[in-house]
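S.K.: Given next are the chains, with one letter for each unit.
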Amino acid sequence: MAIINYANKEVQFKVVYYGPALCGKTTNLAYIHGQVNDANKGELVSLATAADRTLFFDFLPLNAVIIKGFRTKFQLYTVPGQVIYNATRQLVLRSVDGIVFVADSQWEKMEENIESFKNLQDNIGRQGQTLDNIPYILQYNKRNVPNPAPVHYLEYILNNRKVRVPSFVAVATTGQGVFATLNAVSRLLLQKFAWENEQAVSKYQRAGHLPATTSLSGIAAAQSRR
Amino acid sequence: MHTMPILTIQAVNHLLDALKDFLDKSEAGFAMIIDRGGAVLCQHGNIAESTDPAIIAALAAGSFAATKELALRIGEEEFSALHQEGEHSQIFMCAVDNDTVLVTIFGPQTTLGLVRFYSARTVKRISAALQESRTNQRAGPMFSPQDVQSIQKLFGH
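Sequences listed follow chains X and G, in order. Taking my numbering, the leading residue of the first sequence gets 1, the next gets one more, and so forth. Taking my numbering, the leading residue of the second sequence gets 1, the next gets one more, and so forth.
These aren't lab readings, by the way, just hints derived from the structure by calculation. Every residue, glycine too, gets a C-beta built ideally from N, C-alpha and C. Treat the hints loosely; a few may be bogus.
With a straight-line Cα cutoff of 16 Å, these simulated EDC-like cross-link-like pairs (lysine to aspartate or glutamate) come out [said to hold, decoys possible]:
#	chain 1	residue 1	chain 2	residue 2
1	X	192	G	147
2	X	68	G	147
3	X	68	X	10
Sample of chain X residues with no beta-carbon within 10 Å of chain G, all distances over it, derived [claimed, not checked]:
#	residue
4	43
5	50
6	52
7	57
8	82
9	115
10	136
11	162
12	194
With the hints as extra help, turn the sequences into a complete structure.
M.R.: Encoded structure:
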């Protein structure tokens, strides 16, 4: 759930890149880290094995645009894709706001894609949530492999829930589709958040409550105490 | 699970007061309240400029969560506190409630005993402030879906 801090005037979102082993989740984050201005990114932290396989998670904090005075922040995580690390995936999914499911376009990876997507649904279910209420999008990565599975086939096996979600083709190693994916999930989150915020404010106003104080003097007072 | 999405100015002030008092008494250098998903809720004190609190929070939440899983495997619900000691710095983490953790970083200027002692009462104070914030939280106007739609570029790259 997004965290709103009225004292700092910021909103934080947690986005998790999910998918089967070696599908390119870490590569997505590495490319993003390489492209975003220093002022708007933190360090890319990878908890990986000696063979560069994700052991726990990768983490990349990003600052995005300021909207109406509120700084928006996105914390990007990856999960370890290997089947044995399911307990770790459950930990990383805690408090997730949005998900990018990265699928591997190689034919021989179709079963792993499907199993990983099912595993995502299971793990989200363990948190008492469903994919119906968490914004997510699909990225079909590794489009540069010889003879990749057709996009319509990937759509058929992965984007077949009641509501179809946005999907993007990508070659994360070259950056193709990486920012399109990140921008899409971020916009989805911001839209959902803005809509929920509007609903909440009007609900409080209808109930005759004053909105949470956001006066400049109050913010300055809080910040001067730091 | 509690909801913890809104931190009003008043709530942040209460949390900052608790952290300030804690650091004064325990003589630790830096303390932060994080949610168990890895986000920073509030921080106070000094930390090396090169150290990003967001990264400390993500790693601390991961470490605390992994330790909880270990505890479950040996029949405990949770290890309520976690301590790591290095040559120059130490880190002490303790559960505030089901959603939040207090993380303290300190050096040789103080002791683990002192940090532990004062963290116990600080945790109660933080927990009370968070509880009050949860029960009294009200959303204020921020930005609309139209504002989001009008943005050309989300990230600086």
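S.K.: Are the hints correct? Go through all of them and say.
M.R.: The hints, checked one at a time:
Under the criterion of a C-alpha separation no larger than 16 Å, the hint pairing residue 192 (chain X) with residue 147 (chain G) is consistent with the structure, at around 12 Å. A C-alpha spacing of about 8 Å is found between residue 68 (chain X) and residue 147 (chain G), which places the hinted pair at or below 16 Å, so the restraint holds. Distance check on the hinted pair: residue 68 (chain X) and residue 10 (chain X) sit about 11 Å apart at the alpha-carbon level, within 16 Å; holds. A cut-off of 10 Å between C-beta atoms contradicts the statement that residue 43 (chain X) is not in contact with chain G; the least separation is 6 Å.
The beta carbon of residue 50 (chain X) sits about 19 Å from the closest Cβ of chain G, which is more than 10 Å, so the claim that it is off the interface holds. Residue placement check: residue 52 (chain X) keeps its beta carbon more than 10 Å from all beta carbons of chain G (closest about 18 Å). Here residue 57 (chain X) does not stay apart from chain G, with its beta-carbon only about 6 Å from theirs, under the 10 Å limit. At roughly 16 Å from the closest C-beta of chain G, the C-beta of residue 82 (chain X) stays outside 10 Å, upholding its exclusion from the interface.
With a least beta-carbon separation of about 22 Å from chain G, residue 115 (chain X) lies farther than 10 Å from that chain, consistent with its non-interface assignment. At the 10 Å boundary, the C-beta of residue 136 (chain X) stays outside the reach of chain G, the nearest C-beta of that chain being 17 Å off. The Cβ of residue 162 (chain X) sits about 22 Å from the closest Cβ of chain G, beyond the 10 Å cut-off, so the non-interface label holds. Not every Cβ of chain G is farther than 10 Å from the Cβ of residue 194 (chain X); the closest lies at roughly 5 Å, contradicting the non-interface assignment.
Of the numbered hints stated above, those contradicted by the structure are hints 4, 7 and 12, listed in ascending order.
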